[in-house]
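Each of the two chains sits in its own frame; use the hints to bring them together as a complex.
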Amino acid sequence: TQLLEQSPQFLSIQEGENLTVYCNSSSVFSSLQWYRQEPGEGPVLLVTVVTGGEVKKLKRLTFQFGDARKDSSLHITAAQPGDTGLYLCAGAPAGGTSYGKLTFGQGTILTVHP
Amino acid sequence: DTEVTQTPKHLVMGMTNKKSLKCEQHMGHRAMYWYKQKAKKPPELMFVYSYEKLSINESVPSRFSPECPNSSLLNLHLHALQPEDSALYLCASSGWGNEKLFFGSGTQLSVL
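Residue numbers (the numbering used here), protein chains in the order written: chain A, 1 to 114; chain B, 1 to 112.
Same shape as in the complex, but just chain B (with noise of 0.2 Å):
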C-alpha cells in the first residue's frame, strides 16, 4: 500500500466554522507533513511530525491546529479561518531521513 489518502476531497466553511481535514498512511512512514498549495503554485510546508511529535511549524496562524493521534493518521483542524485560506491542502509522509515525500490527493478549501 503505498497510498496517502485524505479525506475529504472538497470543503467549503465559512469563517465562523471548525472542520477537521483527515490523513491516513500505512507505509510505516514516521515523517508526515501539512502543505499548502495555492493554484499554480508550489507546495508550502505548513507542519512536520517526526515520530508523532511536531517538529516544525513554519510560523502557521493558530487557526491552523495540527493534530498526529498515532503514527499512521494526520490531522488538521480548522477554526475561524479567513478567505485567503483557501487552497488545496495536501498530507505528505516520508520514511524519516529519506526525504522522498508521497503526497495524498488533498483537500480542496473553500472558506466563505
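For reference, chain A alone in the conformation it holds in the complex (with noise of 0.2 Å):
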C-alpha cells in the first residue's frame, strides 16, 4: 500500500506570510496531484506534475516534483484570504495503469487571516 505523507495538517497564518507545503513517500509516483477543496464544494486539481525535478508556476503558487518522483512541495507566496481552504496531494502509483486509485495525503487545512 502507497502512502503519502503531508505536512502540515494545520496551518493558519497571517495575509501576506508564505507557507510551504509538503508530501513524502517512500513509494515512486508516476504523477503528482495537487487540489484545492473550499467547504461545501469538491476538491479542484491546481496541478499535475509529471518529470522529476519538475517545478510548475500557478500566479503565486510553486510546485516541485522531487528528482525521485517520490515526494512533492507547494510553496505560497504572500498567501491572501483567498487561498484559504483544504489542500490535497494525490499521487498516481508507477508501473501500469493506475486504474484511477490515487493516493491521498492526509491533507492540509490552510487558514489565511486578513
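Simulated from the structure, these hints should not be mistaken for laboratory data. Even glycine gets a Cβ: it sits at the ideal position worked out from N, Cα and C. Warning: the hint list may mix true and false statements.
Here's a subset of chain A near chain B, in silico, CB distances under 10 Å, partners left out [what the hints assert, rightly or not]:
1. S26
2. S30
3. Q37
4. A92
5. L102
6. I109
Okay, structure coming up:
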C-alpha cells in the first residue's frame, strides 16, 4: 500500500506570509496532483507534475516534484485570504495503469487571516 | 462543459430509507468514481466505473449500490444506512489512463 505523508496538517497564517506544504512517500509515483477544496465544494485540480525535478508555477503558487518522484511541495508566496482551504496532494502509482486509484495525502487545512 | 453535476446537494435520511445520489458529466470521460469524504479528511475511494463497467469496489458495504446507466451518468443507491455513513459523497470523472480527476460539488448526506 502506497502512503503519502502530507504536512503540516494545519496552517494558520497572516495575509502576506509565505508557506510550504510537503508530501512525502517511500513509493515512486508516475505523477502527483495538487487539489484545493473549499467548504461545501469538491476538490479542484490545481496542477499535475509528471517529471522528476519538475517545477510548475501558477501565479503565487509554486509546485515541485522531487527528482526521484517520491515527494512534492507546494509553496505559496504572499498568501491571501482567498487561499484558505483544504489542500490535498494525490499520487498516481508508477508501473502500469493506476485505474484511478490515487493515493491521497491527509490534507493541509490552510487558514489565511486578513 | 467541464462540470460534474451532482444532485441533491444535501440529503437527510433515516436508517430505513432508500435514496439515490446522481452524478452527470458531459466531458466524454470514460471513468467515473464515487468517493466518501469525512470533514477535514481526504476523499476515500468507493467505486470506479470504466467504460460503464464496475472495475473497482473498495470493499464497500452492500448498503451502497452503484449504477452506471450510460457513459454520462452515475448513480449511488443507498439503503439501510447507518449514522456513521454521514459524510460528503463526491462523484468524479477522468479520461481513462489520465488520472486528473474532475470532482462534483458533492452531496452532503446526514443519516439520522
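Right, here's what the structure says about each hint:
no. : hint : in the structure
1   : S26  : 18 Å, violated
2   : S30  : 8 Å, holds
3   : Q37  : 8 Å, holds
4   : A92  : 4 Å, holds
5   : L102 : 6 Å, holds
6   : I109 : 6 Å, holds
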